[in-house]
Each structure stands twice: as C-alpha cells, then as structure tokens.
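Kindly produce the complete structure, drawing on both the sequences and the hints.
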Amino acid sequence: MALVDIKNVTKSYGSIEVLKGVSLSIDEGEIVTIIGKSGSGKSTLLRCINALERIDGGEITVEGQSVRTDMPNLRGFRQRVGIVFQAFNLFPHLTVERNITLAPVLNKRIAKAEGRALALDVLARVGLADKIDAYPAQLSGGQQQRVAIARCLAMGPHLMLFDEVTSALDPELVGEVLKVMEDMARQGMTMVLVTHEMGFARNVASKIVFMHQGRVWEEGPPADLFANPRTPELRSFIASAR
Amino acid sequence: MRSFSLADFLSLLSALQWTGVLVLIALAFGAPLALGLALMRTSARRALRWTATAFLQLVQGVPLLGLLMFFYFGMPVFLGVEMPPLVAVGIAMTVYTASFLGEIWRGGIEAVKHEQWEAAACLGLSTWHQFRYVIAPQAFRMALPPTVGFLVQLIKGTSLASIVGFVELARAGQLVSAATFQPLLVYSIVAAIYFAACLPLTLWARSLEARLNGAR
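Just so you know, the sequences run in chain order A and B. Start counting the first sequence at 153; every next residue gets the next number (this note's numbering). Start counting the second sequence at 2; every next residue gets the next number (this note's numbering).
The set of hints was computed from the structure by calculation and includes no laboratory data. Predicted model only: the values in this text are computed from it and were never measured. Hints are not guaranteed to be accurate.
Capping the alpha-carbon separation at 35 Å, the derived lysine-lysine pairs in DSBU-like fashion look like this [claimed, not checked]: (1) B/Lys157 x A/Lys264; (2) A/Lys159 x B/Lys114; (3) A/Lys331 x A/Lys264; (4) A/Lys331 x A/Lys189; (5) A/Lys172 x A/Lys359; (6) A/Lys260 x B/Lys114; (7) A/Lys172 x B/Lys157; (8) B/Lys114 x A/Lys189; (9) A/Lys159 x A/Lys172; (10) A/Lys159 x A/Lys260; (11) A/Lys331 x A/Lys172; (12) A/Lys260 x A/Lys331; (13) A/Lys159 x A/Lys331; (14) A/Lys331 x B/Lys114.
Restraint ranges, calculated between C-beta atoms of paired labels, are given here [said to hold, decoys possible]: (15) A/Lys331 x B/Arg50: 41 to 49 Å; (16) B/Glu210 x A/Asp222: 54 to 62 Å; (17) B/Met76 x A/Ser218: 49 to 57 Å; (18) A/Ser218 x B/Arg47: 42 to 50 Å.
The beta carbon of each residue, even a glycine, is placed where N, CA and C say it ideally should be.
Following this line, the structure appears as structure tokens:
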C-alpha cells in the first residue's frame with residue numbers, strides 16, 4: 153500500500169480552482185519532486201497533504217488514514233508528517249534548542265536533559281550542533297533552514313514535505329540545504345518536495361511530478377521525464393528552467 | 002482657613018496610595034479580561050469576535066467619566082444596586098482597562114505573522130500551546146511599550162474618580178485646596194506628584210521601544 157494516496161483531489165480558492173482532480177501515489181522511501189510553473193497548484197497540493205488546506209473533493213490518505221482538516225488526532229498526524237517552509241518559520245524568541253524541543257517537550261513530555269540530547273542529535277544530522285544555543289536571528293538563512301529541518305526531524309516523522317525550501321535563500325546558501333536533504337534521502341526518509349532546483353530533482357528524486365493548471369500533467373522517473381517529455385508544456389518548462 | 006503645611010503635603014501623598022489601589026484593581030481585574038477580549042477578537046469564531054467587538058465599541062465610545070457616573074449614579078437608579086465608591090470606581094476602571102488593553106494586545110497578537118501559528122500547528126501543538134509558547138511571547142514583546150504607555154493614561158485617568166467623591170490624589174487636592182485657599186499651589190503640587198509617578202513609566206516605555214526596535 154502506498155504511504156500517500158491522493159485521489160482526484162479538487163480545491164478552489166473562491167472561484168479559482170487550483171487543483172482540478174489530482175491523483176498521485178507515493179510509496180515509502182520515495183523522493184517525489186513536484187515541479188511546475190507558479191500557480192500550477194504544487195504548493196497547494198503539498199499543503200493539502202498535511203491538512204493545512206481543506207480539500208473540496210476527492211480524498212487523501214496517509215498511512216491509510218484519511219486526511220482532513222477536522223480529522224481525529226490531527227495533532228498526532230502532524231507529528232508524523234513534517235513540513236519545512238520557504239520562509240523557515242523558526243520561532244524568533246526561542247533558542248535553536250527550544251525551537252527543536254518545544255514540540256517534543258509539550259507533546260511527549262520528555263525531560264529537559266533528554267530534550268537537549270535530542271536537539272544535539274538532530275542538529276548533528278544537519279551539521280549545526282554548535283549552534284544549539286543561538287537565536288534564529290544570529291544564523292544565516294541556510295542555517296535557519298537547516299534548523300527548521302532539524303526541528304521537523306525531532307518529531308520522528310514518517311514523511312517530510314518541503315515547500316520551496318531553498319527559494320528564499322541566497323544562491324551560495326542553497327547547496328548546504330540541498331546537501332542535508334540529500335543525506336536524508338539516502339537514509340530512506342520519504343520526501344515530497346516542491347522545488348525549482350532542477351539539478352536536485354534530476355539527481356536525487358525517484359519520481360518527478362510535473363503539474364500544470366491544477367493537474368498532474370506528467371509523472372515518471374527523472375531520467376525519462378527530462379529526456380523524453382511527452383507534452384509541449386513540460387518541454388517548454390524544462391527549456392525555460394535550464 | 003490655614004496655610005499649606007507639611008501635613009497637607011503628607012495627606013496628598015497618602016491619597017496617592019488610593020490612586021495606586023485604583024490602578025492595581027484596574028490591572029488585576031482588567032488585564033485578564035483584556036486577554037480574554039484580545040483572544041475573542043482574534044478568534045476564528047464569528048460569534049466571539051462580534052461579542053467582543055460590540056463590548057469594545059460600547060466601552061470605548063463612552064468617556065471614562067461617563068463609565069464612572071454610570072456605575073456610581075446609574076446602577077442604583079437602573080438596577081437598584083447601591084455601590085460604595087471604591088466598588089463603582091473599581092468596576093469602571095476595570096472595564097476601561099479591559100477595553101483599551103484588550104485592543105493593544107489584540108494588535109500585538111495580530112502583528113505576529115500568521116506563519117508562526119501555522120509552523121506551531123505543524124509541530125502538532127494544541128491551539129492553546131501555539132498561543133502560549135509561540136504567539137503570546139512575541140505579541141507581548143511588541144505590545145509591551147504601548148501597554149506601559151497605557152499605564153500612564155490609567156494613572157492619570159484615576160483622577161476622574163474624584164467626581165464621585167472617592168478620595169484619591171485629585172480629590173485630596175480639592176480638599177486641601179478648599180481648606181487652605183491656595184488652589185494654585187496645591188494643584189501644582191498634585192500635578193507634580195502625578196508627573197513624578199508617570200515619568201519613570203514614560204521613560205521605561207521609551208527605552209523598551211528603543212530596545213525592541215533594535216532587536217528586530
């Protein structure tokens with residue numbers, strides 16, 4: 153059974169239909185990269201997967217559980233499905249350690265010492281153990297985004313969503329974030345990314361999903377998709393992204 | 002008739018205590034109400050927002066003097082409830098504080114970016130925890146300077162309690178002035194005492210503002 157099963161999902165903002173019947177299935181351990189022009193519905197789809205947006209039609213299931221904004225145990229679900237945002241969204245008034253341990257402490261009632269060990273562990277995975285006592289404002293954009301990833305990892309998610317996580321970064325900082333994501337991919341994390349980083353999509357993804365006008369226009373392994381785009385839309389997208 | 006003496010000055014200072022009591026009552030009861038109003042105003046539930054808005058419109062549309070008169074003179078007439086001055090004044094100041102602080106704090110809450118709620122929700126925090134640990138500390142920092150500023154308003158506002166015969170600093174000034182026939186001197190001293198009480202707060206608010214701006 154697929155880890156994520158998206159069936160015929162529709163979603164409108166007012167009179168604008170942004171998802172027009174999207175179906176997609178994601179297996180455990182897959183790295184799925186969603187590409188497409190802005191306005192194609194890719195970020196919206198990602199946000200629907202962890203119930204940040206209400207869907208109007210169709211169904212999304214994650215680990216067999218139907219995802220709805222009013223689903224039972226939404227909070228437990230959110231801890232299994234992590235999301236990293238374009239704007240990092242760290243809590244500026246808390247240290248890196250507190251950013252990471254806030255949710256485990258409140259949700260799982262772990263002890264203080266245990267929290268620090270957890271924070272050190274996940275920070276080591278993003279290469280920032282030495283920043284545990286810093287405040288977000290003292291970090292570069294790339295470091296902040298890596299802390300945001302670590303904060304997500306601390307919940308022990310089964311699936312991670314990445315919403316254009318490198319788009320707000322200076323070009324020279326993109327690489328360090330992508331490297332962390334590559335490491336996670338290698339360790340078997342199931343990941344769904346919306347990204348403009350075609351290199352990452354090509355080299356790391358196990359599946360590419362090209363969205364256009366609220367639909368999944370084409371999907372397949374990156375080698376196929378980039379070498380032999382079947383539709384003129386994907387062809388022109390690839391040409392423009394180069 | 003007698004001349005202004007040290008005893009008069011001391012009686013003014015001791016009346017300042019009652020000004021302080023009024024401020025404390027207003028804050029002790031008004032601040033929790035203000036928090037409730039701020040939360041209602043930022044709630045997702047329309048009924049809560051409207052209830053809070055209606056209350057705020059009503060209270061903020063009436064001068065503090067009007068509130069004082071309503072609770073002291075009006076309540077016995079309309080509801081047949083006789084209230085001692087301290088209670089009537091206390092209620093009026095509480096309502097006044099709740100409405101103005103509530104709006105200041107609502108502004109603080111709304112100034113925190115929506116994405117902060119979202120990020121906290123995505124970590125599986127309950128709505129209360131999202132507010133308590135993520136939103137409120139940031140909102141509090143932003144709302145602190147105007148909150149201290151309001152405190153100055155509140156201290157000066159308590160002088161209106163003299164209207165209903167409650168002896169705080171302003172009323173004590175009236176009494177001393179009547180006894181000594183030296184209104185200019187007495188009221189200057191009263192004004193100086195208010196100024197001395199408010200100045201540290203004003204300076205504090207200003208330094209907070211500078212510090213918080215620097216931190217962003």
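| Which of the numbered hints are not met once you compare them with the structure shown? | Those not satisfied are hints 1, 7, 16, 18.
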